[in-house]
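Chain B is already provided as a structure; the job is to place chain H with the ligands on it using the hints.
For the record, the sequence lines run as chains B and H. Just so we're aligned: the first sequence equals residues 204 to 760 in the working numbering. Just so we're aligned: the second sequence equals residues 204 to 760 in the working numbering.
Be aware that a few hints might be false.
Identical copies look the same in the list; a pair holds intra-copy or inter-copy alike.
[Stated by the list, open to error] Result set (SDA-like, lysine to any residue): computed pairs, CA atoms no more than 25 Å apart in a straight line: (1) Lys664 x Glu319; (2) Lys664 x Val437; (3) Lys240 x Asp746; (4) Lys664 x Ala318; (5) Lys321 x Ala544; (6) Lys664 x Glu478; (7) Lys410 x Val437; (8) Lys321 x Tyr474.
None of these hints come from the bench; they were simulated from the model.
Protein chains: 2
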Amino acid sequence: EEYQGAPTGADLECEGWRQEAALRMLNNNLDPEVAEKPEELVVYGGTGRAARSWDAYDAILSELRSLADDETLLVQSGKPVGRFRTHERAPRVLIANSNLVGNWDNWDHFHELEAEGKIMYGQMTAGSWAYIGTQGIIQGTFETLAELARQHYDGDLTGKTVVTAGLGGMGGAQPLAVTMNQGVCIAAEVDEERIDRRIDTGYCMEKADDIEDAIDRAEDAREAGEPYSVGVHVNAAELLETMLEQGYVPDVVTDQTSAHDALEGYYPDGYTVEEADELRADDPDAYLEASLDTMERHVDAILELQERGAIAFEYGNNIRGQVQDHRGMDDAFDFPGFVPAYIRPQFCRGKGPFRWAALSGDPADIHRTDEAVLELFPEKDHLRRWIDLAQEQVQFQGLPSRVCWLGYATDSEEHTERARFALRINELVAEGEISAPIVVTRDHLDAGSVASPNRETEAMKDGTDAVADWPILNALVNCAGGADIVSVHDGGGVGIGNSLHTNNHVVLDGTDLAAEKAAAVFTTDPGMGVIRHADAGYEEALDEAAHSNVRIPMYDE
Amino acid sequence: EEYQGAPTGADLECEGWRQEAALRMLNNNLDPEVAEKPEELVVYGGTGRAARSWDAYDAILSELRSLADDETLLVQSGKPVGRFRTHERAPRVLIANSNLVGNWDNWDHFHELEAEGKIMYGQMTAGSWAYIGTQGIIQGTFETLAELARQHYDGDLTGKTVVTAGLGGMGGAQPLAVTMNQGVCIAAEVDEERIDRRIDTGYCMEKADDIEDAIDRAEDAREAGEPYSVGVHVNAAELLETMLEQGYVPDVVTDQTSAHDALEGYYPDGYTVEEADELRADDPDAYLEASLDTMERHVDAILELQERGAIAFEYGNNIRGQVQDHRGMDDAFDFPGFVPAYIRPQFCRGKGPFRWAALSGDPADIHRTDEAVLELFPEKDHLRRWIDLAQEQVQFQGLPSRVCWLGYATDSEEHTERARFALRINELVAEGEISAPIVVTRDHLDAGSVASPNRETEAMKDGTDAVADWPILNALVNCAGGADIVSVHDGGGVGIGNSLHTNNHVVLDGTDLAAEKAAAVFTTDPGMGVIRHADAGYEEALDEAAHSNVRIPMYDE
Ligand SMILES: NC(=O)c1ccc[n+]([C@@H]2O[C@H](COP(=O)([O-])OP(=O)(O)OC[C@H]3O[C@@H](n4cnc5c(N)ncnc54)[C@H](O)[C@@H]3O)[C@@H](O)[C@H]2O)c1
Ligand SMILES: NC(=O)c1ccc[n+]([C@@H]2O[C@H](COP(=O)([O-])OP(=O)(O)OC[C@H]3O[C@@H](n4cnc5c(N)ncnc54)[C@H](O)[C@@H]3O)[C@@H](O)[C@H]2O)c1
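Chain B on its own, in the form it takes in the complex:
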């Protein structure tokens, strides 16, 4: 079996659309347009894989093809390990990836097991079959920068320069998210092919010859007040140090190299990519040391730029945690993470990166869903702006897909924003206005789905950053509600031992069953965000609970 992207159209390989959706989403994850290294089963984010091996991949497909409408397939770290009779309303696939018992929950033990083929890194959406390429992250990045612009500037980034690094699967969204906000972006990337790829797919405008050239082009655009983005083929640490030497201070500095994985995600300075890959193979310990040395310089430079007036934030790759843990940098956390800085208020209201894909493969189906969003929420200007921008500027990769941050916010019928959208789409599928089922899923980075003290739950008001009961309850309650796929992963974007998070899919095939599932899951899932933040004492969450009738047991008594 080879990776060629998802099958499309109305003919099923499986016994039902729920199984078919799982099969298509897994294959979509590995579409060469979507995945970073499909030939190694690597989807994105360092070594985030969709299946443990090609044998496991084949076996998953063959299990899905014969799975009955009342059976459930179990996937353990990318390998199918069992299937049981459950019932129609239950999930069709349950996935647990990369999870280790606390005292063994570290990269060393993980790598030992991985080398023996006993475990797999699932990242977030890789092992949960919900990655949709850079288009999946783009709105999150856009929203983060928009919020930054609201807090610090006049609501957009006109005349402001954002310096970052990493043009991988997710980081590649940065240049476009900056220009969508009218700003200027300089992005360092050690792998020149990645820069070219972002240019080919419209995520980045140009490639500079060198640092000098990048700064010059950026300054021209900034002075003209024009949106502009440029990639530069250089190590991030070197880019920032050079800027410091030259006395150049950008408005904003951040980073999306895969620093969460010092061995396979981050590149040390002083090596080409090829040299570094060789070093990793020959002497992984030496690689690790070199990689962490570069990270230390990288963080030092970010802190110094912040000192000189730049707005600095960590973009969820745990670079602060890495240098704190492995280089004893006590001031590593002196610049904030993006969640407490820009995202948490949204999480309090159950808002997060909700997304959906058209199983037909037909872009017209997504355009119909775009219309549906605008019809359903006509009052939301920012949603309209986002849909317009996305239609204009975001190319589809693999199955046509869309991301929209939707939340709880019930209407008079007590349906949440997310549920209203899903129920409407389900109707459109039933009516034939959409040509095949739509599968709805989300990022693991969502309102109530994750415990990650260096990222999504950094600096929680009540100090419960590390309490992992919440994602477990999230997975269980979405399973109870009848999500079609439920997954639980350790690690994700911040690395093994640093987070626990979940995902779910619901297949909207136009049936009543789908409507029941959607109404339940798209209430429980954002609802977890509201109750988790209410429990931590956030006013926005308590306010949302009051307005949207979310029961908080020990609060209203």
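Chain H with the ligands alone, transformed into the frame defined by chain B:
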């Protein structure tokens, strides 16, 4: 609200039996006959609690009383945090206790959060509302010693002496389990009241004046080939050291002090209980040091007794892990854990401590279930022996209950042993032969429910001791199957960061819904044991899979 044990009889406080079962099982956990320190909400095993606080307890009760048949209540570390509409076939209660993100998954961080009221230690059956007192563990202890006797002696313990310590909630089962196997037991316990309690409830025969006296009485009984048990009020380390000094070597040595919790479970030598409790309150660090010092002597003595010919095994309290981690004892693991030594072959076949309680409160209902077991499995002699012994010697505590190790082992209709039993009981409830619903649950220590490298998954054949994907899949698939309560805990009997494990309850109320739930869950749950051990390469599991038609995806292709 005060703890008075479970309400009984046919009148419901809740809207349905599933919610009522949750309410009764929670209260049963706190029955003074069942719990060790109900006034502190402590059920057993160090500080294993049923609810985070009395306020949380009250709130859980009030939520359960108003919970609809299609709603699900969420409990986070013993506190009710939300409730959502799901559907009838879904669980009524979902529980996650004590879970922390890997790098924070340690006692220090746990104690910080606990002190602020942000988390609770759920142990195994305490926070999952499935503790039924010492009667719950007695069969497990009996089976373990029976297997030891099969491996080393003639099938029973006649003329053999077992030395152990700890007569707490679970450890208290040891003397009776030894005498049920015809052996002699000497048990050290620092808290004299615990000895008296075990004597009052028939778990231990006598109390010795001192070590000398205990050995004399034990030797008399051993020589006479009589079953006998004696408690001695002394620290375990002192008991074993004295035996070594005197050149007395018992046949078997083990231990069930709460060593997994050095601060609140284990008592240091040289202090009375009152003095130790004072020291803990005044100077917890000093307590910890003293406690670990005693543990080191304790383990040294066990190893020396083993050297001199005793059969030594750790009984799941992580005393080996404690002295290895905190005292650098490299030889701590030179004596085996009880699971690899005696229990794993049963896990491979999906067998584990299945148990049930009569919500009526009427012992006659349990006697009817005893008959049902014998009617269903007439060929199983050891089951008959167990039921006879239990009826004679095991006193009920709180709700009348029974434990029976049942497994997968399908019949021609593809129902597992566990499912056949549950379906039969459900019929008996429907027919009115049993006066009120029976709730079926189990220990967290079960075939496919736990990852615990120092206990249940110690020394797995393929080295996957620490892979926690399995318990997560177990919880999810039981939730998918429709268990009425599903719970996921960190820590349990081996302490924070050392395990992840799950539980579930199914309420047999005589309805078709209950039959559907039972048929699914009592297949998925033991089935996880079979597939987990098959995946690790155990012959017994592969054999069970072949005989019982358990699909192992990548095996039979
Ligand atoms: N919280 C979020 O929403 C969020 C979003 C996106 C990404 N992230 C995190 O950002 C990181 C990147 O994610 P991704 O999917 O794009 O990963 P990826 O592995 O696909 O891409 C990382 C890129 O960084 C480049 N790189 C590595 N080290 C470098 C260095 N020192 N200098 C310059 N370039 C370097 C690599 O060549 C690669 O192209 C991950 O750690 C991810 O978890 C978080
Ligand atoms: N794996 C299993 O099936 C299994 C079964 C039972 C118990 N355990 C483990 O065994 C331990 C005991 O469980 P429990 O529920 O009985 O706990 P518990 O806390 O109710 O009782 C522990 C008893 O040990 C006594 N004790 C403590 N330190 C002592 C010492 N140094 N010398 C003598 N007595 C001492 C205490 O006074 C107390 O009575 C726990 O660690 C538990 O996890 C495991």
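Okay, the hints, checked on the actual structure:
no.: 1; hint: Lys664 x Glu319; verdict: between (41 Å within a copy, 13 Å between copies)
no.: 2; hint: Lys664 x Val437; verdict: neither (39 Å within a copy, 47 Å between copies)
no.: 3; hint: Lys240 x Asp746; verdict: neither (44 Å within a copy, 39 Å between copies)
no.: 4; hint: Lys664 x Ala318; verdict: between (40 Å within a copy, 16 Å between copies)
no.: 5; hint: Lys321 x Ala544; verdict: between (38 Å within a copy, 24 Å between copies)
no.: 6; hint: Lys664 x Glu478; verdict: neither (45 Å within a copy, 38 Å between copies)
no.: 7; hint: Lys410 x Val437; verdict: within (11 Å within a copy, 77 Å between copies)
no.: 8; hint: Lys321 x Tyr474; verdict: neither (32 Å within a copy, 47 Å between copies)
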